[in-house]
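Model the full structure from these sequences, guided by the hints.
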Amino acid sequence: MSAKQKIDKTFGLTNFALKNTTTVLFLTFLIVVMGTLTYISLPRENFPEVKIPKIYIGVTHPGNSPADIENLITRPIEKQLNTISNVDKISSTSIQDYATIIVEFTPDTEVEDALTKVKDAVDKAKPDLPDDLEQEPNIFELDLSEMPILNINLSGNYTQDELKHFAEYLEDEIEKIKEISKAEIRGVDEKEVSVLIDPYRLEAVNLNFNNIENAIAAENITMSGGSYKVDGIRRAVRIEGEFTDPNQLLDIVVKHEKGNIVYLRDVATVKFGYKEKTSYARLYDHPVVMVDVIKRSGENLLSATEQIGAILEHARKNVFPDDLEIVVTNDQSRRTRHMVANLENNIIFGVLLVVLVLLFFLGTRNAMFVGIAIPLSMLMSFLILGMLGVTINMVVLFALIMALGMLVDNGIVVVENVYRLMEEGMRPLEATKKGVGEVAMPIISSTATTLAAFLPLAFWPGV
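Residue numbers in the sequence shown follow this note's numbering, run continuously in steps of one, and reach 463 at the last position.
Since the hints were derived computationally from the structure, they do not count as laboratory data.
Positions of the beta carbon are idealized from the N, C-alpha and C atoms, including for glycine.
Certain hints may be false.
To be verified - Derived Cβ-Cβ restraints for the label pairs, each shown as a range:
(1) A341 - G405: 45 to 53 Å
(2) D123 - I102: 35 to 43 Å
(3) R282 - E136: 30 to 38 Å
(4) N330 - A448: 38 to 46 Å
Said to hold, decoys possible - Here are the computed lysine-lysine pairs in the DSSO-like style, where the Cα-Cα straight-line distance is at most 27 Å:
(5) K164 - K275
(6) K176 - K317
(7) K164 - K178
(8) K54 - K124
(9) K191 - K271
(10) K275 - K191
(11) K164 - K277
(12) K54 - K89
(13) K317 - K164
(14) K117 - K51
(15) K51 - K176
(16) K317 - K178
(17) K182 - K51
(18) K182 - K54
(19) K79 - K19
(20) K191 - K164
(21) K89 - K126
Following this line, the structure appears as C-alpha coordinates:
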(Lines of atoms letter the chains of each structure in order from A; the text may use other names.)
(Lines give C-alpha, C1' and ligand atoms only; values in the text may rest on other atoms or scores of the structure.)
Protein backbone atom coordinates (compact mmCIF):
# COMPACT_ATOMS: atom_id res chain seq x y z
CA MET A 1 0.00 0.00 0.00
CA SER A 2 2.78 2.37 0.94
CA ALA A 3 4.73 1.54 -2.24
CA LYS A 4 1.66 2.12 -4.38
CA GLN A 5 1.02 5.47 -2.74
CA LYS A 6 4.56 6.54 -3.60
CA ILE A 7 4.12 5.48 -7.24
CA ASP A 8 0.77 7.30 -7.46
CA LYS A 9 2.40 10.55 -6.28
CA THR A 10 2.58 12.14 -9.72
CA PHE A 11 2.17 15.53 -11.36
CA GLY A 12 -0.84 16.01 -13.65
CA LEU A 13 0.95 18.02 -16.32
CA THR A 14 3.69 15.40 -16.58
CA ASN A 15 1.13 12.62 -16.96
CA PHE A 16 -0.58 14.52 -19.77
CA ALA A 17 2.74 15.04 -21.57
CA LEU A 18 3.67 11.36 -21.32
CA LYS A 19 0.28 10.25 -22.64
CA ASN A 20 0.26 12.75 -25.53
CA THR A 21 3.81 12.75 -26.82
CA THR A 22 2.80 13.74 -30.37
CA THR A 23 0.96 16.82 -29.11
CA VAL A 24 3.90 17.78 -26.89
CA LEU A 25 6.38 17.43 -29.76
CA PHE A 26 4.17 19.55 -32.01
CA LEU A 27 3.85 22.23 -29.32
CA THR A 28 7.62 22.16 -28.81
CA PHE A 29 8.21 22.66 -32.52
CA LEU A 30 5.64 25.47 -32.57
CA ILE A 31 7.30 27.21 -29.60
CA VAL A 32 10.73 26.97 -31.22
CA VAL A 33 9.57 28.40 -34.56
CA MET A 34 7.19 31.07 -33.25
CA GLY A 35 9.49 32.01 -30.36
CA THR A 36 12.45 32.50 -32.70
CA LEU A 37 10.43 34.64 -35.13
CA THR A 38 9.02 36.69 -32.26
CA TYR A 39 12.47 37.24 -30.76
CA ILE A 40 13.79 38.51 -34.10
CA SER A 41 10.88 40.94 -34.54
CA LEU A 42 10.56 42.15 -30.93
CA PRO A 43 11.32 45.89 -30.58
CA ARG A 44 14.45 46.61 -28.56
CA GLU A 45 14.97 49.74 -26.49
CA ASN A 46 16.93 50.88 -23.46
CA PHE A 47 14.06 51.37 -21.04
CA PRO A 48 10.38 50.43 -21.07
CA GLU A 49 7.95 53.11 -22.12
CA VAL A 50 6.78 54.97 -19.03
CA LYS A 51 4.03 57.57 -19.30
CA ILE A 52 4.16 59.89 -16.30
CA PRO A 53 0.84 61.67 -15.62
CA LYS A 54 2.55 65.00 -15.04
CA ILE A 55 1.65 68.11 -17.06
CA TYR A 56 3.76 71.25 -17.32
CA ILE A 57 2.49 74.79 -17.94
CA GLY A 58 4.83 77.60 -18.92
CA VAL A 59 3.75 81.23 -19.30
CA THR A 60 6.00 84.12 -20.41
CA HIS A 61 5.20 87.73 -19.49
CA PRO A 62 8.28 89.97 -19.98
CA GLY A 63 8.86 92.99 -17.79
CA ASN A 64 7.18 91.67 -14.66
CA SER A 65 8.64 90.88 -11.27
CA PRO A 66 8.18 87.48 -9.57
CA ALA A 67 5.47 88.97 -7.33
CA ASP A 68 3.54 90.29 -10.34
CA ILE A 69 3.91 86.96 -12.16
CA GLU A 70 2.53 85.23 -9.06
CA ASN A 71 -0.53 87.48 -8.81
CA LEU A 72 -1.28 88.03 -12.49
CA ILE A 73 -0.61 84.55 -13.92
CA THR A 74 0.13 81.80 -11.41
CA ARG A 75 -2.79 82.30 -9.02
CA PRO A 76 -5.56 82.57 -11.67
CA ILE A 77 -4.35 79.38 -13.38
CA GLU A 78 -3.97 77.51 -10.08
CA LYS A 79 -7.51 78.51 -9.15
CA GLN A 80 -8.90 76.69 -12.18
CA LEU A 81 -6.50 73.75 -11.83
CA ASN A 82 -7.84 73.09 -8.33
CA THR A 83 -11.20 72.18 -9.87
CA ILE A 84 -9.72 69.24 -11.83
CA SER A 85 -10.34 65.71 -10.56
CA ASN A 86 -7.61 63.09 -9.89
CA VAL A 87 -4.98 65.77 -9.20
CA ASP A 88 -2.36 64.58 -6.72
CA LYS A 89 -0.22 67.71 -6.43
CA ILE A 90 0.11 71.20 -7.92
CA SER A 91 3.40 73.06 -7.63
CA SER A 92 4.44 76.37 -9.18
CA THR A 93 7.46 78.61 -9.57
CA SER A 94 7.24 82.32 -10.33
CA ILE A 95 10.40 84.09 -11.45
CA GLN A 96 11.22 87.24 -13.38
CA ASP A 97 9.14 87.25 -16.61
CA TYR A 98 8.14 83.57 -16.34
CA ALA A 99 5.80 81.20 -14.48
CA THR A 100 6.01 77.41 -14.35
CA ILE A 101 3.20 75.24 -13.00
CA ILE A 102 3.46 71.45 -12.62
CA VAL A 103 0.30 69.38 -12.24
CA GLU A 104 0.81 65.82 -10.98
CA PHE A 105 -2.07 63.37 -11.39
CA THR A 106 -2.76 60.05 -9.68
CA PRO A 107 -0.97 57.08 -11.34
CA ASP A 108 -4.20 55.61 -12.75
CA THR A 109 -4.86 58.74 -14.84
CA GLU A 110 -4.27 58.54 -18.59
CA VAL A 111 -1.78 61.16 -19.78
CA GLU A 112 -4.02 62.19 -22.68
CA ASP A 113 -6.97 62.78 -20.34
CA ALA A 114 -4.76 64.74 -17.94
CA LEU A 115 -3.47 66.94 -20.77
CA THR A 116 -7.01 67.65 -21.96
CA LYS A 117 -8.19 68.56 -18.46
CA VAL A 118 -5.28 70.95 -17.93
CA LYS A 119 -5.82 72.64 -21.30
CA ASP A 120 -9.51 73.14 -20.50
CA ALA A 121 -8.64 74.61 -17.09
CA VAL A 122 -6.12 77.04 -18.61
CA ASP A 123 -8.70 78.11 -21.21
CA LYS A 124 -11.12 78.92 -18.37
CA ALA A 125 -8.41 80.99 -16.67
CA LYS A 126 -7.58 83.07 -19.78
CA PRO A 127 -10.15 85.84 -19.06
CA ASP A 128 -8.34 86.47 -15.76
CA LEU A 129 -4.88 86.61 -17.37
CA PRO A 130 -3.27 89.84 -18.65
CA ASP A 131 -4.45 90.94 -22.09
CA ASP A 132 -0.94 91.77 -23.27
CA LEU A 133 0.52 88.25 -23.10
CA GLU A 134 2.88 87.87 -26.05
CA GLN A 135 2.43 84.08 -26.25
CA GLU A 136 -0.24 81.58 -25.33
CA PRO A 137 0.49 79.42 -22.25
CA ASN A 138 2.69 76.49 -23.24
CA ILE A 139 1.13 73.22 -22.02
CA PHE A 140 2.98 69.95 -22.52
CA GLU A 141 3.67 66.52 -21.04
CA LEU A 142 7.05 65.00 -20.22
CA ASP A 143 7.35 62.14 -22.71
CA LEU A 144 10.47 60.02 -22.21
CA SER A 145 10.02 58.53 -25.67
CA GLU A 146 10.72 62.01 -27.10
CA MET A 147 14.33 61.81 -25.94
CA PRO A 148 16.82 61.53 -28.86
CA ILE A 149 18.19 58.05 -29.53
CA LEU A 150 21.34 59.57 -31.07
CA ASN A 151 22.86 62.85 -32.22
CA ILE A 152 24.57 63.40 -35.57
CA ASN A 153 27.15 66.20 -35.46
CA LEU A 154 28.30 67.91 -38.66
CA SER A 155 31.38 70.11 -38.76
CA GLY A 156 34.20 71.14 -41.06
CA ASN A 157 35.51 74.09 -43.03
CA TYR A 158 32.04 75.16 -44.17
CA THR A 159 29.65 78.01 -43.44
CA GLN A 160 26.71 77.46 -41.16
CA ASP A 161 24.31 77.63 -44.11
CA GLU A 162 26.25 74.88 -45.90
CA LEU A 163 26.25 72.69 -42.79
CA LYS A 164 22.53 73.32 -42.41
CA HIS A 165 22.02 72.18 -46.00
CA PHE A 166 23.83 68.90 -45.23
CA ALA A 167 21.77 68.50 -42.04
CA GLU A 168 18.52 69.05 -43.94
CA TYR A 169 19.44 66.23 -46.31
CA LEU A 170 19.94 63.89 -43.34
CA GLU A 171 16.73 65.15 -41.75
CA ASP A 172 14.69 64.30 -44.86
CA GLU A 173 16.27 60.85 -45.30
CA ILE A 174 16.03 59.84 -41.63
CA GLU A 175 12.37 60.87 -41.32
CA LYS A 176 11.55 58.36 -44.08
CA ILE A 177 12.40 55.51 -41.67
CA LYS A 178 9.16 54.12 -40.23
CA GLU A 179 10.68 53.68 -36.75
CA ILE A 180 11.60 57.38 -36.56
CA SER A 181 9.18 60.01 -35.27
CA LYS A 182 11.19 63.07 -36.30
CA ALA A 183 14.65 64.54 -36.74
CA GLU A 184 15.42 68.02 -35.45
CA ILE A 185 18.29 70.35 -36.39
CA ARG A 186 19.98 72.25 -33.57
CA GLY A 187 22.79 74.76 -33.40
CA VAL A 188 21.60 76.75 -36.43
CA ASP A 189 20.75 80.45 -36.29
CA GLU A 190 17.32 81.17 -37.78
CA LYS A 191 17.17 84.13 -40.16
CA GLU A 192 14.73 87.00 -39.73
CA VAL A 193 13.86 90.38 -41.19
CA SER A 194 13.81 93.19 -38.62
CA VAL A 195 11.95 96.45 -39.21
CA LEU A 196 13.62 99.14 -37.07
CA ILE A 197 11.16 102.00 -36.63
CA ASP A 198 12.19 105.52 -35.69
CA PRO A 199 9.56 106.60 -33.13
CA TYR A 200 10.18 110.33 -33.74
CA ARG A 201 9.61 110.06 -37.50
CA LEU A 202 6.59 107.87 -36.84
CA GLU A 203 5.10 110.48 -34.55
CA ALA A 204 5.85 113.24 -37.06
CA VAL A 205 3.62 111.62 -39.69
CA ASN A 206 0.95 110.79 -37.11
CA LEU A 207 1.31 107.00 -37.31
CA ASN A 208 1.71 104.24 -34.73
CA PHE A 209 3.23 100.76 -34.61
CA ASN A 210 -0.07 99.07 -35.45
CA ASN A 211 -0.28 101.04 -38.71
CA ILE A 212 3.13 99.72 -39.74
CA GLU A 213 2.25 96.16 -38.76
CA ASN A 214 -1.05 96.23 -40.66
CA ALA A 215 0.55 97.74 -43.76
CA ILE A 216 3.22 95.03 -43.92
CA ALA A 217 0.68 92.25 -43.32
CA ALA A 218 -1.60 93.59 -46.07
CA GLU A 219 1.21 93.66 -48.64
CA ASN A 220 2.95 90.38 -47.76
CA ILE A 221 0.19 88.05 -48.91
CA THR A 222 -0.57 85.53 -51.63
CA MET A 223 -4.23 85.23 -52.59
CA SER A 224 -6.53 83.60 -55.10
CA GLY A 225 -7.42 85.61 -58.18
CA GLY A 226 -10.36 83.50 -59.24
CA SER A 227 -10.32 81.30 -62.33
CA TYR A 228 -10.66 81.47 -66.10
CA LYS A 229 -11.54 79.02 -68.85
CA VAL A 230 -8.98 78.11 -71.53
CA ASP A 231 -9.62 75.46 -74.20
CA GLY A 232 -12.47 74.02 -72.16
CA ILE A 233 -10.34 73.73 -69.03
CA ARG A 234 -10.93 75.95 -66.02
CA ARG A 235 -7.66 77.15 -64.54
CA ALA A 236 -7.08 78.82 -61.17
CA VAL A 237 -5.39 82.20 -60.92
CA ARG A 238 -3.01 82.81 -58.03
CA ILE A 239 -1.67 86.26 -57.17
CA GLU A 240 1.68 86.05 -55.46
CA GLY A 241 2.41 89.05 -53.28
CA GLU A 242 4.85 87.67 -50.73
CA PHE A 243 8.18 89.43 -50.45
CA THR A 244 11.26 87.75 -51.90
CA ASP A 245 13.74 90.48 -50.96
CA PRO A 246 13.86 92.36 -47.62
CA ASN A 247 14.44 95.65 -49.46
CA GLN A 248 10.99 95.34 -51.03
CA LEU A 249 9.53 96.26 -47.66
CA LEU A 250 10.96 99.76 -47.96
CA ASP A 251 8.54 100.55 -50.81
CA ILE A 252 5.42 99.73 -48.78
CA VAL A 253 2.99 102.63 -48.55
CA VAL A 254 2.10 103.08 -44.89
CA LYS A 255 0.05 106.27 -45.34
CA HIS A 256 -1.65 108.04 -48.23
CA GLU A 257 -3.43 111.24 -47.39
CA LYS A 258 -4.21 114.26 -49.58
CA GLY A 259 -1.65 113.26 -52.14
CA ASN A 260 1.06 112.82 -49.55
CA ILE A 261 2.54 109.34 -49.59
CA VAL A 262 4.54 107.98 -46.68
CA TYR A 263 6.69 104.95 -47.46
CA LEU A 264 8.11 102.57 -44.91
CA ARG A 265 11.61 103.81 -45.73
CA ASP A 266 10.57 107.25 -44.48
CA VAL A 267 10.01 106.02 -40.93
CA ALA A 268 12.04 102.82 -40.62
CA THR A 269 15.00 100.80 -41.80
CA VAL A 270 15.02 97.12 -42.71
CA LYS A 271 17.69 94.73 -41.50
CA PHE A 272 18.17 91.13 -42.61
CA GLY A 273 19.98 89.03 -40.02
CA TYR A 274 19.63 86.23 -37.50
CA LYS A 275 17.24 85.66 -34.64
CA GLU A 276 18.44 85.49 -31.08
CA LYS A 277 20.05 82.09 -30.44
CA THR A 278 17.71 79.53 -28.87
CA SER A 279 19.95 76.46 -29.12
CA TYR A 280 23.67 75.74 -29.03
CA ALA A 281 25.47 72.64 -30.30
CA ARG A 282 29.15 72.03 -29.57
CA LEU A 283 31.46 69.04 -29.82
CA TYR A 284 34.96 69.08 -28.30
CA ASP A 285 34.66 72.86 -27.77
CA HIS A 286 33.86 73.45 -31.44
CA PRO A 287 30.48 74.61 -32.79
CA VAL A 288 28.63 72.02 -34.87
CA VAL A 289 25.27 71.59 -36.54
CA MET A 290 23.49 68.75 -34.76
CA VAL A 291 20.65 66.49 -35.90
CA ASP A 292 18.64 64.99 -33.02
CA VAL A 293 16.91 61.73 -33.98
CA ILE A 294 13.76 60.78 -32.04
CA LYS A 295 12.26 57.29 -32.27
CA ARG A 296 8.58 56.43 -32.37
CA SER A 297 7.28 54.95 -29.15
CA GLY A 298 7.48 51.14 -29.06
CA GLU A 299 9.53 50.80 -32.27
CA ASN A 300 12.74 48.81 -32.64
CA LEU A 301 15.71 50.90 -31.52
CA LEU A 302 18.34 48.62 -33.06
CA SER A 303 16.61 48.47 -36.43
CA ALA A 304 16.28 52.27 -36.49
CA THR A 305 19.96 52.90 -35.73
CA GLU A 306 21.05 50.32 -38.31
CA GLN A 307 19.07 52.13 -41.01
CA ILE A 308 20.45 55.49 -39.88
CA GLY A 309 23.95 54.05 -40.11
CA ALA A 310 23.23 52.95 -43.69
CA ILE A 311 22.01 56.47 -44.56
CA LEU A 312 25.17 58.02 -43.11
CA GLU A 313 27.38 55.57 -44.98
CA HIS A 314 25.62 56.33 -48.26
CA ALA A 315 25.86 60.09 -47.62
CA ARG A 316 29.59 59.87 -46.87
CA LYS A 317 30.31 58.02 -50.11
CA ASN A 318 27.89 59.63 -52.55
CA VAL A 319 26.46 62.91 -51.24
CA PHE A 320 28.72 64.73 -48.79
CA PRO A 321 32.23 66.05 -49.49
CA ASP A 322 35.12 64.00 -48.16
CA ASP A 323 36.29 66.64 -45.68
CA LEU A 324 32.90 66.94 -43.94
CA GLU A 325 33.28 65.54 -40.43
CA ILE A 326 30.36 63.41 -39.19
CA VAL A 327 30.37 62.26 -35.56
CA VAL A 328 27.56 60.23 -33.95
CA THR A 329 27.15 60.78 -30.20
CA ASN A 330 24.74 59.64 -27.48
CA ASP A 331 23.91 56.45 -29.40
CA GLN A 332 21.39 54.68 -27.15
CA SER A 333 21.53 51.50 -29.23
CA ARG A 334 25.05 50.63 -28.04
CA ARG A 335 23.87 49.93 -24.51
CA THR A 336 20.85 48.00 -25.77
CA ARG A 337 23.03 45.88 -28.07
CA HIS A 338 25.35 45.19 -25.14
CA MET A 339 22.46 44.10 -22.90
CA VAL A 340 20.92 41.86 -25.57
CA ALA A 341 24.34 40.34 -26.28
CA ASN A 342 24.78 39.66 -22.56
CA LEU A 343 21.45 37.84 -22.44
CA GLU A 344 22.33 35.73 -25.46
CA ASN A 345 25.76 34.96 -23.99
CA ASN A 346 24.20 34.01 -20.65
CA ILE A 347 21.81 31.62 -22.37
CA ILE A 348 24.53 30.05 -24.51
CA PHE A 349 27.06 29.73 -21.69
CA GLY A 350 24.32 28.58 -19.34
CA VAL A 351 23.43 25.73 -21.67
CA LEU A 352 27.07 24.78 -22.28
CA LEU A 353 28.11 24.87 -18.62
CA VAL A 354 25.04 22.97 -17.45
CA VAL A 355 25.50 20.32 -20.12
CA LEU A 356 29.22 19.96 -19.35
CA VAL A 357 28.65 19.65 -15.60
CA LEU A 358 25.80 17.19 -15.98
CA LEU A 359 27.82 15.09 -18.42
CA PHE A 360 30.14 14.18 -15.55
CA PHE A 361 27.39 13.33 -13.08
CA LEU A 362 24.19 12.34 -14.92
CA GLY A 363 25.26 11.28 -18.40
CA THR A 364 24.65 12.56 -21.90
CA ARG A 365 20.88 12.07 -22.06
CA ASN A 366 20.07 13.85 -18.80
CA ALA A 367 22.44 16.70 -19.61
CA MET A 368 20.69 17.14 -22.94
CA PHE A 369 17.26 17.38 -21.28
CA VAL A 370 18.33 20.23 -19.02
CA GLY A 371 20.20 21.93 -21.86
CA ILE A 372 17.10 21.88 -24.08
CA ALA A 373 14.89 23.27 -21.30
CA ILE A 374 16.83 26.56 -21.09
CA PRO A 375 16.45 27.90 -24.67
CA LEU A 376 12.96 26.39 -24.96
CA SER A 377 11.77 28.27 -21.87
CA MET A 378 13.34 31.50 -23.12
CA LEU A 379 11.65 31.15 -26.51
CA MET A 380 8.33 30.59 -24.76
CA SER A 381 8.96 33.78 -22.77
CA PHE A 382 9.65 35.77 -25.94
CA LEU A 383 6.45 34.40 -27.49
CA ILE A 384 4.40 35.57 -24.50
CA LEU A 385 6.16 38.95 -24.46
CA GLY A 386 5.31 39.44 -28.13
CA MET A 387 1.64 38.61 -27.49
CA LEU A 388 1.53 41.13 -24.63
CA GLY A 389 3.21 43.84 -26.73
CA VAL A 390 6.22 44.11 -24.40
CA THR A 391 9.55 45.30 -25.79
CA ILE A 392 12.98 43.90 -24.98
CA ASN A 393 14.48 46.39 -22.56
CA MET A 394 16.71 46.56 -19.51
CA VAL A 395 13.94 45.50 -17.09
CA VAL A 396 12.87 42.52 -19.20
CA LEU A 397 16.46 41.39 -19.74
CA PHE A 398 17.19 41.57 -16.01
CA ALA A 399 14.11 39.44 -15.30
CA LEU A 400 15.07 36.86 -17.93
CA ILE A 401 18.64 36.56 -16.64
CA MET A 402 17.35 36.10 -13.09
CA ALA A 403 14.85 33.48 -14.27
CA LEU A 404 17.65 31.69 -16.11
CA GLY A 405 19.31 30.82 -12.79
CA MET A 406 16.10 29.40 -11.31
CA LEU A 407 15.41 27.50 -14.51
CA VAL A 408 18.77 25.73 -14.39
CA ASP A 409 18.37 24.85 -10.71
CA ASN A 410 14.87 23.46 -11.15
CA GLY A 411 15.85 21.47 -14.25
CA ILE A 412 18.79 19.86 -12.47
CA VAL A 413 16.63 18.89 -9.47
CA VAL A 414 13.99 17.22 -11.64
CA VAL A 415 16.43 15.36 -13.91
CA GLU A 416 18.59 14.20 -11.00
CA ASN A 417 15.57 12.81 -9.12
CA VAL A 418 14.31 10.91 -12.16
CA TYR A 419 17.83 9.62 -12.82
CA ARG A 420 18.09 8.37 -9.21
CA LEU A 421 14.88 6.37 -9.50
CA MET A 422 16.03 4.82 -12.77
CA GLU A 423 19.27 3.71 -11.09
CA GLU A 424 17.15 2.00 -8.42
CA GLY A 425 15.63 -0.17 -11.13
CA MET A 426 12.45 1.69 -11.94
CA ARG A 427 11.33 1.84 -15.56
CA PRO A 428 11.84 5.21 -17.31
CA LEU A 429 8.10 5.97 -17.62
CA GLU A 430 7.35 5.24 -13.98
CA ALA A 431 10.55 6.97 -12.86
CA THR A 432 9.56 10.11 -14.76
CA LYS A 433 6.07 10.15 -13.26
CA LYS A 434 7.26 9.53 -9.74
CA GLY A 435 10.42 11.64 -9.96
CA VAL A 436 8.57 14.72 -11.19
CA GLY A 437 5.70 14.12 -8.77
CA GLU A 438 8.04 14.04 -5.78
CA VAL A 439 9.71 17.37 -6.49
CA ALA A 440 7.00 19.27 -8.42
CA MET A 441 5.39 20.98 -5.44
CA PRO A 442 8.68 21.76 -3.64
CA ILE A 443 10.04 23.34 -6.85
CA ILE A 444 6.86 25.34 -7.39
CA SER A 445 6.95 26.46 -3.75
CA SER A 446 10.61 27.52 -3.87
CA THR A 447 10.04 29.44 -7.11
CA ALA A 448 6.94 31.07 -5.63
CA THR A 449 8.89 32.27 -2.60
CA THR A 450 11.42 33.94 -4.91
CA LEU A 451 8.64 35.62 -6.85
CA ALA A 452 6.90 36.62 -3.62
CA ALA A 453 9.90 38.78 -2.74
CA PHE A 454 9.05 40.95 -5.75
CA LEU A 455 5.28 40.92 -5.19
CA PRO A 456 5.25 44.14 -3.10
CA LEU A 457 6.52 46.00 -6.18
CA ALA A 458 3.09 45.49 -7.76
CA PHE A 459 1.45 47.45 -4.92
CA TRP A 460 3.88 50.35 -4.77
CA PRO A 461 2.25 53.71 -5.43
CA GLY A 462 3.36 55.77 -8.38
CA VAL A 463 4.20 54.94 -11.96
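Evaluation of the provided hints:
1. A341 - G405: 45 to 53 Å: 19 Å, violated
2. D123 - I102: 35 to 43 Å: 19 Å, violated
3. R282 - E136: 30 to 38 Å: 32 Å, holds
4. N330 - A448: 38 to 46 Å: Taking Cβ atoms as reference, N330 and A448 lie about 42 Å apart, which means the hint holds.
5. K164 - K275: 16 Å, holds
6. K176 - K317: Status holds; Cα separation ~20 Å.
7. K164 - K178: Distance of about 23 Å is within 27 Å: holds.
8. K54 - K124: Between K54 and K124 the Cα gap is close to 20 Å, so the pair holds against 27 Å.
9. K191 - K271: Roughly 11 Å separates the two Cα atoms, so the pair holds.
10. K275 - K191: 6 Å, holds
11. K164 - K277: Cα-Cα ~15 Å, so holds.
12. K54 - K89: The given pair, whose Cα atoms are some 9 Å apart, holds under the 27 Å limit.
13. K317 - K164: It holds: about 19 Å lies between the C-alpha atoms, which stays within 27 Å.
14. K117 - K51: Given that 27 Å is the threshold and the Cα spacing comes to 16 Å, the pair holds.
15. K51 - K176: 26 Å, holds
16. K317 - K178: Distance ~24 Å between K317 and K178 Cα, so the pair holds.
17. K182 - K51: Distance ~19 Å between K182 and K51 Cα, so the pair holds.
18. K182 - K54: Distance ~23 Å between K182 and K54 Cα, so the pair holds.
19. K79 - K19: At roughly 70 Å apart (the allowed maximum being 27 Å), K19 and K79 break the hint.
20. K191 - K164: OK: K191 and K164 at ~12 Å, within 27 Å.
21. K89 - K126: 22 Å, holds
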